[in-house]
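> This is what each chain is made of:
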Amino acid sequence: MKNSVAGTLESGDIMVTIGPGEGLQVELQSSVAAQFGRQIKAVIIETLEGLGITDARVEAVDKGALDCTIRARVTAAAVRATGKDVWKD
Amino acid sequence: MRNSKVVSLEEAIKRSGLQNGMTVSFHHHFRGGDKVVNLVMDCLAQMGFKDLKLAASSLSDVHKPLIEHIKNGVITGISTSGLRGELADAISHGLMKEPVVFRSHGGRGSAIASGELKIDVAFLGASACDELGNACGVPRSEHAKSICGSLGYALPDARYAKHVVVITDDLVPYPNMPQSISAADVESVVVVDSVGDSSKIAAGAIRDSKNPRDILLAKQAAKVIINSGYFEDGFSIQTGTGGASLAAVKYIREEMLKRNIKASFALGGITAHMVKLHEEGLIGKLIDVQSFDKVAAESIARDPLHQEVSAVEYASGQHLGSATHALDIVILSALEVDVHFNVNVLVGSDGIIRGAIGGHQDTAADSALSIIVCPLLRGRIPCVVPKVTTLITPGKSVDVVVTEYGIAVNPLRPEIAERLKASGLKLVDIEELARKATSIIGMPDSLPFGDRVVGVVMNRDGSVLDKIYNIR
Numbered sequence: 001m002k003n004s005v006a007g008t009l010e011s012g013d014i015m016v017t018i019g020p021g022e023g024l025q026v027e028l029q030s031s032v033a034a035q036f037g038r039q040i041k042a043v044i045i046e047t048l049e050g051l052g053i054t055d056a057r058v059e060a061v062d063k064g065a066l067d068c069t070i071r072a073r074v075t076a077a078a079v080r081a082t083g084k085d086v087w088k089d
Numbered sequence: 001m002r003n004s005k006v007v008s009l010e011e012a013i014k015r016s017g018l019q020n021g022m023t024v025s026f027h028h029h030f031r032g033g034d035k036v037v038n039l040v041m042d043c044l045a046q047m048g049f050k051d052l053k054l055a056a057s058s059l060s061d062v063h064k065p066l067i068e069h070i071k072n073g074v075i076t077g078i079s080t081s082g083l084r085g086e087l088a089d090a091i092s093h094g095l096m097k098e099p100v101v102f103r104s105h106g107g108r109g110s111a112i113a114s115g116e117l118k119i120d121v122a123f124l125g126a127s128a129c130d131e132l133g134n135a136c137g138v139p140r141s142e143h144a145k146s147i148c149g150s151l152g153y154a155l156p157d158a159r160y161a162k163h164v165v166v167i168t169d170d171l172v173p174y175p176n177m178p179q180s181i182s183a184a185d186v187e188s189v190v191v192v193d194s195v196g197d198s199s200k201i202a203a204g205a206i207r208d209s210k211n212p213r214d215i216l217l218a219k220q221a222a223k224v225i226i227n228s229g230y231f232e233d234g235f236s237i238q239t240g241t242g243g244a245s246l247a248a249v250k251y252i253r254e255e256m257l258k259r260n261i262k263a264s265f266a267l268g269g270i271t272a273h274m275v276k277l278h279e280e281g282l283i284g285k286l287i288d289v290q291s292f293d294k295v296a297a298e299s300i301a302r303d304p305l306h307q308e309v310s311a312v313e314y315a316s317g318q319h320l321g322s323a324t325h326a327l328d329i330v331i332l333s334a335l336e337v338d339v340h341f342n343v344n345v346l347v348g349s350d351g352i353i354r355g356a357i358g359g360h361q362d363t364a365a366d367s368a369l370s371i372i373v374c375p376l377l378r379g380r381i382p383c384v385v386p387k388v389t390t391l392i393t394p395g396k397s398v399d400v401v402v403t404e405y406g407i408a409v410n411p412l413r414p415e416i417a418e419r420l421k422a423s424g425l426k427l428v429d430i431e432e433l434a435r436k437a438t439s440i441i442g443m444p445d446s447l448p449f450g451d452r453v454v455g456v457v458m459n460r461d462g463s464v465l466d467k468i469y470n471i472r
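Chains as they are written, first to last, in our numbering: chain A, 1 to 89; chain P, 1 to 472.
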């Protein structure tokens, strides 16, 4: 796994950086951390697990993204990091 | 000139008899460009004053230097309509021992007139003033450096404060006429390099929207107005400063032209949009408590049908002659609306103060039809919620809520719901809007509020409406 990024720092988006790590470590900065930090971390972990990733270090800078956006950005970053294209077929 | 009142700022302060523990007041007509508050507070701090109470008509990002004066004990109390930026953030986190008192513009005017809010010394910025203190917010000479238009929020201070100091950046020959602030109310005049950056008047809350969602909201709001039963010849209207409510004016204008309907007056913060309609003959008169941009400020300087009013004449709940009592339609924005139609325009969904009551409470309560225009979501922040973070405008004075997911009418106004339905507009239950928001973003965790009160929200009748707790 190499370091990879997906997403932007625009309002409503989330920038996700994925790199090598042990277990799933998620570091989150969010403009809505108090109300949604817990849910955002859960969506990130759920998405990675769904892709079969169990070891990675994730840094996420969130600007109020919805869950669908978070899933898309995490998936894109994971594909770039692992080189494994999950959209094929 | 004989009897000139012109002195230095320090001399004006000495003459005023100001003492520790007293209340000083300011207006916010220069909005984000204001220089008077910081200038005067710095001078008061240097002169060694402590424990002062600051009664501002509003405060914004530009007043960040007040944080130091609060830390140093120069300022120990604040009353205002709003707070923004770093000062608001610091206060939300518990900077002050004494809670900030928030009042609407009409509420502040009433409190000053009734003596509930006593002002010892008012420091009032003006774009032109003569040596005896006749002052105004519009240019009166070729040396003019600033323009703010209406001085509506400063007029109760000028009339009721024990001592009044006018601060100007253009001293003009006597008599400066017509004047907003009369020399009869003024004790000293201070000349400074600059009272405010006029180019920043329109910064802050006001923007002209190209956002497609704002345009959709504006079109829906216009349809509500047109079909509400109040859109007839001679109607009156006020709009807030949100992008959608300003854009709505454009669509209302088209309909006014089509049906040959004219408005009798527009009220409140007057914008370039309203000036345009007035100059086209679509709005008879402009009643201006605050000029929201340079176009409005220039209009009030030259147009006799564009008149300044004081905050009391504008929106006092206690004075039945105030203009809000004659107002038909008001379009307002919101940070949050709840399922009981209560509105919050002051405290963000992160628990941090980031707005102003302004005329929200006043116009919603007194107008015949109050319309709140807000998106269902701002990013992941819901605007239609089960319960507002802070109560600013009680639901009983809110009639219609317009979102991009539907229009909800307060059950207290069944006749309006009937008229809108008859015109083909689809209405939704406000509970349904709140459920829709939750289905998209999930249920938010509760905010980490502490147990210290950092702000008290006053109702316009002087009673306490809600309290704001510190955020951790």
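I should point out that these hints are in silico values taken from the structure, not numbers from a laboratory.
Where hints are given, some of them may not hold.
[Said to hold, decoys possible] Cross-link-like lysine-lysine pairs, in silico, DSS-like; alpha carbons within 30 Å at most:
1) P:K436 - A:K63
2) A:K41 - P:K387
3) A:K63 - P:K258
4) P:K285 - P:K219
5) A:K63 - P:K162
6) P:K71 - P:K118
7) P:K387 - A:K63
8) A:K63 - P:K285
9) A:K63 - P:K467
10) P:K219 - P:K35
11) P:K118 - A:K63
12) P:K118 - P:K35
13) A:K41 - P:K53
> Against the earlier hints, flag every one the structure doesn't satisfy and list their numbers going up.
Numbers 3, 5, 8, 10, 11 and 13, in rising order.
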